[in-house]
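Engineer: Just so you know, the sequences run in chain order A and B.
Each residue of the first sequence is one higher than the one before, starting from 68 at the first, in our numbering.
Each residue of the second sequence is one higher than the one before, starting from 55 at the first, in our numbering.
The hints are simulated quantities; they were obtained by calculation from the structure and are not laboratory data.
Not one of these hints is a red herring.
To be clear about the criterion: a stretch of chain B counts as covered by chain A if any three or more of its residues have a C-beta under 8 Å from a C-beta of chain A, and this derived list gives those stretches:
| # | region |
| --- | --- |
| 1 | 148 to 162 |
| 2 | 167 to 178 |
| 3 | 233 to 246 |
| 4 | 257 to 268 |
| 5 | 271 to 282 |
Being a predicted model, the structure only gives us computed values, none of them experimental.
A virtual CB, placed ideally from N, CA and C, is assigned to each residue, including glycine.
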Amino acid sequence: MAMSETLSYLRRGRGVRRHSWRYTVMAWLPLIVLLIAWELTTRSGLVTPFMLPPLSAVFGRIMEDAASGDLLTTIGTTLWRALMGFGISAVAGIALGILISQYKAVRWFFDPIISVGFPMPKIAFLPIMILWLGLFDVSKITMIAFNAIFPVVTATIAGIEGVEKQIIWSAQNLGAGRKRLMWDVLLPAALPQILTGLQVALPIALIVGILTEMAMGGYGVGATMQTASRMADSPGVFAGIIEIAIVGYVLVQAMAFIRRRLLMWHPEALDATAA
Amino acid sequence: MARWTASLFRYSPLLILAALWEAVAQLGLVARSALPPLSDVIKAWFALAVTSDFWFNAVDSLYRTFAGLALAVVVGAAIGIAMASSKPVRAVLNPIVEVFYPLPKSALIPVTALWLGFGDMSKILLIFLGCMLPVTLGAYNGARGSEQTLMWSARSLGASRWRMLMDVVFPSAVPEILNGVRTALATSFVLLVSSEMIAARSGLGFMIGFLGDGGNFDAMFAVVFTVAFMGFIADRLYQYAMQRTLQWR
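Isolated chain A, as found in the complex:
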């Protein structure tokens, strides 16, 4: 899958940090140059401050919001919704994946729903969700979970079905019942794939969370950015982008860290470069 390679690429990128600090500075240099170029372009007057406010002004805005406590509320609200939705999609997605892999009837029912529903732009259902569940947290979190659950379910099914038959037979020979087989053999063996599914689902949760806030309001980074955009307050818009970029980066790194921790026993942990 394209996505797992992406993630392995991101993991690989972090190997850099084990080198000296000078290496770290070198690795981040292009980004620093980009930020300086941003500041200089806006100061030179090549673009209007409306199109691109100076980086210093944007940082000033972030600092202001941080001092007044708005920053914490905004980011906290977005994170709470995104992580709630993600958590629901993780639990329900893994459970559904297990049921589909174990019971023929469940598979028969959900297989076409998932294969038709996965590639759909489910965000189009947002007005229907508003109609049913209103404008507040419940409809936002439901929308997030509805979007993020698909990669979790398919990854869980693929993971469980990819477990080597010999391992299953050995466990059965040693007298493992259905339950023990699931908890002690199938799920641990499927964990790398399940984690990959979760790593795909987490950014989706954040994307959809911000979209629901933009469309429905109700605090959060998305709503703040949308208000700023309507008021032609460009430092506010760019402050939102930088905040959410940092949040996204930290979340993706945190997931990769959890993956390394959970899979310490797995051969992939020994292979520093490969997927």
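Let chain A serve as the given structure and place chain B on it in line with the hints.
Structural biologist: Frame of chain A, contents of chain B only:
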């Protein structure tokens, strides 16, 4: 005949859901304003399909998606291959890609609206920016994986750097690029619909919001399902075309 019944059996859960929808709505188990009967939604779709308005909005949406996507594929693939084949390019772009990749792309909607307004261009830019990185990473991974022996053979046969790129590196990156494009295709529909719902004056996403605000829920449901199935059909067509393209493998 057997194949036909087999696929009927396979997709029957969808038919059951559709029948359930119709039954629940007809029996009045839920309010009509929350769930109009499926038959009314289908009627509303046919009523919409004879209006030119619907088709103008559909053409606007498709134009935005494919213009943005085409730009993303061309530029994204070029950048990915450049990153794989040149060390300085990689050193410069790697940290930028690593930081921008996890950025939730929907956060760009207000910025593109700020820059380019509510028209086509802001959607095209949004889809271009939002869909480029999966293609870039696909091209990068694919081009890095091109076999060293092939490169050596080409070089010893006197191929120039440019010819090597075009005849060896690019073809070997194609499968991964196509995978990246599939991710990009899905992303493009999400960005299209949401940006049209949030900041636009035309397009199917705009129509959804417009019809919903007007309380015309039959038609709104019809457009929502149109958009959802457009995304689904685009993915299926793409998969089919991809299998055709990769037959040489």
